[in-house]
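> Generate coordinates for the entire structure from the input sequences, incorporating the hints supplied.
Residue numbers (our numbering), protein chains in the order written: chain B, 1431 to 1705; chain S, 1490 to 1799; chain G, 534 to 863.
For the record, the hints were derived by calculation from the structure and aren't laboratory data. Just so it is clear, CB atoms sit at the ideal spot from N, CA and C, and this is done for glycine as well. Incorrect hints may appear among the rest.
As the list claims (entries may be wrong) - Covered by chain S, per the in silico footprint, the following chain G stretches (three or more residues, Cβ under 8 Å): (1) 761–773; (2) 776–782.
To be verified - List time: in silico DSSO-like cross-link candidates among lysine-lysine, alpha-carbon distance up to 27 Å: (3) S/1610 to S/1600; (4) B/1440 to G/672; (5) S/1610 to S/1578; (6) S/1600 to S/1578; (7) G/675 to B/1440; (8) S/1609 to S/1578.
Here are the chains, one letter per residue:
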Amino acid sequence: MKRHWNRRRKVVLYTVLMALVVLAAFAYGALIPESAAAPDFSQAKLPPSLAHPFGTDWLGRDLFLRTLKGLSVSLTVGVAASLISAVAAVLIGIAAATGSRAADGVITWIIDLVMGVPHTVLVILISFACGRGLKGLLAGIALTHWTGLARLIRAEVLQLRSQPYIAVSRRLGKSSGWILTRHLLPHLVPQFFVGLILMFPHAILHEASISFLGYGLPPEQPAIGIILAESMKYLSAGMWWLAVCPGLLLVAVVLLIDRLGENLRRIVDPYSAQE
Amino acid sequence: MNDKKPLLEISDLSVSFLMYDGSLERSSLQVISNLSLTVHPGEILAVAGSSGSGKSLLASAILGILPGNASVEGSMRYGGEPLTPERQKVLRGGEIALVPQSVAYLDPLMKVGRQADGHKKPRPTAERRALFRRFGLPEETEGLYPFQLSGGMARRVLVSTALLSNARLVIADEPTPGMSLDQAKEALRMFRDLADEGRSVILITHDIDLAFDFADRVAVFYAGTTVETAPAADFRRGPEALRHPYSRALWSALPQNGFTPIDGFQPYAGSLPAGCLFAPRCPLRTAACEAGTPPMRDIRGGEVRCIHAT
Amino acid sequence: MSGAFSRIGRTFLRYLVKTAFLLLAVSIIAFALVSASPVDPVQQYVLGVGGVSPEQRLELEAYWGVNDPPVERYFTWLGALLRGDFGQSLLYRRPVIDIIAERFLNSLALMLCAWLFSGLIGFGLGCLMGMTRDRLPDKIIKQVCYILSSVPTFWLGLLLLLVFAVWLGWFPLGFSTPIGMLNEDVTLAQRLHHLFLPALTLSLMSFANIALHTRSKLVDVLESEYVLFARARGEGPGSILRRHGLRNVLLPALTLQFASFAELFGGSVMAENVFSYPGLGSAVAAAGLNSDVPLLLGITLFSALFVCVGNLTANILYGVVDPQIREEQP
Chain B
1431 MKRHWNRRRK VVLYTVLMAL VVLAAFAYGA LIPESAAAPD FSQAKLPPSL
1481 AHPFGTDWLG RDLFLRTLKG LSVSLTVGVA ASLISAVAAV LIGIAAATGS
1531 RAADGVITWI IDLVMGVPHT VLVILISFAC GRGLKGLLAG IALTHWTGLA
1581 RLIRAEVLQL RSQPYIAVSR RLGKSSGWIL TRHLLPHLVP QFFVGLILMF
1631 PHAILHEASI SFLGYGLPPE QPAIGIILAE SMKYLSAGMW WLAVCPGLLL
1681 VAVVLLIDRL GENLRRIVDP YSAQE
Chain S
1490 MNDKKPLLEI SDLSVSFLMY DGSLERSSLQ VISNLSLTVH PGEILAVAGS
1540 SGSGKSLLAS AILGILPGNA SVEGSMRYGG EPLTPERQKV LRGGEIALVP
1590 QSVAYLDPLM KVGRQADGHK KPRPTAERRA LFRRFGLPEE TEGLYPFQLS
1640 GGMARRVLVS TALLSNARLV IADEPTPGMS LDQAKEALRM FRDLADEGRS
1690 VILITHDIDL AFDFADRVAV FYAGTTVETA PAADFRRGPE ALRHPYSRAL
1740 WSALPQNGFT PIDGFQPYAG SLPAGCLFAP RCPLRTAACE AGTPPMRDIR
1790 GGEVRCIHAT
Chain G
534 MSGAFSRIGR TFLRYLVKTA FLLLAVSIIA FALVSASPVD PVQQYVLGVG
584 GVSPEQRLEL EAYWGVNDPP VERYFTWLGA LLRGDFGQSL LYRRPVIDII
634 AERFLNSLAL MLCAWLFSGL IGFGLGCLMG MTRDRLPDKI IKQVCYILSS
684 VPTFWLGLLL LLVFAVWLGW FPLGFSTPIG MLNEDVTLAQ RLHHLFLPAL
734 TLSLMSFANI ALHTRSKLVD VLESEYVLFA RARGEGPGSI LRRHGLRNVL
784 LPALTLQFAS FAELFGGSVM AENVFSYPGL GSAVAAAGLN SDVPLLLGIT
834 LFSALFVCVG NLTANILYGV VDPQIREEQP
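In structure tokens form, the structure reads like this:
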């Protein structure tokens, strides 16, 4: 019975694959000279082949390289936005759970507020407010993804606070700071990491979606969303690879990160399996 | 007390669960080992033992609703014929009925009347209403939801599910926890009435003293097996009438009999001793006790698994 | 029954007040955001439209309170809003409220189809997964659900467009009606024809969530003590699903569907853009790109209202259907 892929090994495998992808996206993207990805009209409109795994676009640019570059952008934005979001979520969650009732009420209300407007609309709004560039994109995604994790952290801390051993620590005279670091943090740090990793896929998908709509980066600096948006014009001309290939790579990367996060979560917190 | 043919005969029943722990190892957890008991028509057999000895699993085994990873050995006969899984499917809910522990075993979103009827509705509504009245349940009970029932009402509703199915064998799983003494006695009186009508009742309980009072025979349950089965009268008489060292220790441990405990604790399913399961705590232990499982012997009208019993 | 009505009434009222406050807050935040934008609304209008007469310019400046401090501007705008004046869309040159009304119908058709479809399919598959848990059907569908949640809506739409519209030619490439036809001449069949691919895209994106949720709830039910007792009474799996499973998982599934209006709307933004479907989704994306501030603000508020209605319905449902809440006398 080949059940050798227990959870730990899966996590290692996914992490390694992830590292390879990141390496490919950034190193490749950085090392490959501009010329290799430059327009070359003699090679225009070619379907996928060994020389051009993703084919070439209407300007003769190699799509695979362009996609890798786009991937590096998506990864960067995704990671940056997720980091900001996750840190904010933890801070806000802890503040809500450890502050006064009024503070908790206000924060909960704010969370409901942010969740009351559809994600995409809010990102468009924020992106517009910041001038529709990369900054706007980053801000938009960062400011909309923190709510789920904040609620989770708040619930965790509330639950932890009601545990008897916290009350005992307080009776023993330990300061709030000590209790925070010794008791609460060890529970929260794994949650934070898992939440962070699970946020990446969402952030990356959102980044792709919003840049598809035309926000974010100018077309010369490709993000996968932009590549896909441009491909729409050429679908009727039969250049299917322009849409299929970059999308496949995006989905593959997102799946990888998601699997990694899920497995990590099962290790860290086996009781929150589903949902 | 009964030389009618037994309704249910269980011989050397063993139930174990296959578990996969983290690193793909298959291990087997033995929860019931070499269990033997018989139930005759019209009698109450109490299966008494401390919590966690696997008694509820016995009920599941008889009904054939053990979880998928359970492995069953030994034999069971019902009404003289072997009790196969196919037969269990036909009999359960009909001839063999379960009285569950609490309202947690009722669907919270379904009215109680409908649930008492059951999915096959073997009896017309009028009969069910008559039964509810006989139990002293008010008219509106059938329209209530499980969470609205008081403890006593719940008890009566749960018993009625078994009665409406006209079962010959009723298995009552821990019917008395959380009840006052009066309520518990009333519950057991209902089972006594059932037995007097000619049905058989297996009463699984850890309220051992109540078991002595109401049952006809008592099977003492320890670490997944029955160590002694004897008439209830023997238990009322005192330790000299009992055969197995554990039964005697159990008797002495009752509050009204001195509250004397013995050392040690019941072994867990994963770490059962070789040979006699009680040997590690037994004052009569000899080397022979660890050699193998003692066979069931008939002594003075009762059965016992002990090579030193008299 | 009057108790039920008064309870629903009170819930409704409570949520009405909550919604009002929420919308107010959303309006403040949205207004603050667009004011912070480096884009000047009047300038944009002028650029987009071309020649603007001085009177029109003054009108615009009055509407936007361009020369007033921000807070005053907000109140001017809010006042106009409460009077029903959502302003003129810069992009479409019509009152914002007309555009929203018109496009909402299109989006509603799209979202309704997707909502129904994903709800039914998701629930059905969730039940299937629960009943066959850990066996092959469950494993396959679970994998499909996981993969679908890693797929961006717009790419799925692109694929469907490619396969069904470009290659197979079964469906049109986009829009809600055939091009060049007058609105009155368009038949229902043609509308549905144009609706199909966007609705399919949206449904495929949403069913995974409800399927997994239903599965989890059904597994909880099947592993519960009352199902064990049902089995002890001889009930077969089909009967258990019908008598016990469905009613215990239907409510959670339904409430989840109503609570996911936000995701539905977000998805429709993407789906509509892929298929150039003239709904609120494509409008809001265009509004942002073209700095059509009135339209942007109008749609933002409207979408928030939409989400609130969904949440309100979800809460009322719980109060009505769950007997434990129902039987609690006030």
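> None of the hints should be skipped; say for each whether it holds.
Going down the list of hints, with the structure as the test:
For the segment 761–773 of chain G, the assignment as covered by chain S holds, since 9 residues bring a beta-carbon within under 8 Å of that chain's beta-carbons and 3 suffice. Look at the segment 776–782 of chain G against chain S: 4 of its residues bring a Cβ nearer than 8 Å to a Cβ of that chain, three or more, so the hint holds. For the suggested pair residue 1610 of chain S and residue 1600 of chain S, the alpha carbons sit about 14 Å apart, so the restraint of at most 27 Å is met. For the hint pairing residue 1440 of chain B with residue 672 of chain G, the CA-to-CA distance comes to about 18 Å; that is within 27 Å, so the pair holds.
At most 27 Å may separate the alpha-carbon atoms for a hinted pair to count; residue 1610 of chain S and residue 1578 of chain S meet this at roughly 17 Å. At most 27 Å may separate the alpha-carbon atoms for a hinted pair to count; residue 1600 of chain S and residue 1578 of chain S meet this at roughly 26 Å. Annotation: proposed proximity of residue 675 of chain G to residue 1440 of chain B holds, straight-line Cα distance about 18 Å (limit 27 Å). Between residue 1609 of chain S and residue 1578 of chain S the alpha-carbon distance is near 14 Å, which keeps this suggested pair within the 27 Å criterion.
When each numbered hint is compared with the structure, no violation occurs for any of them.
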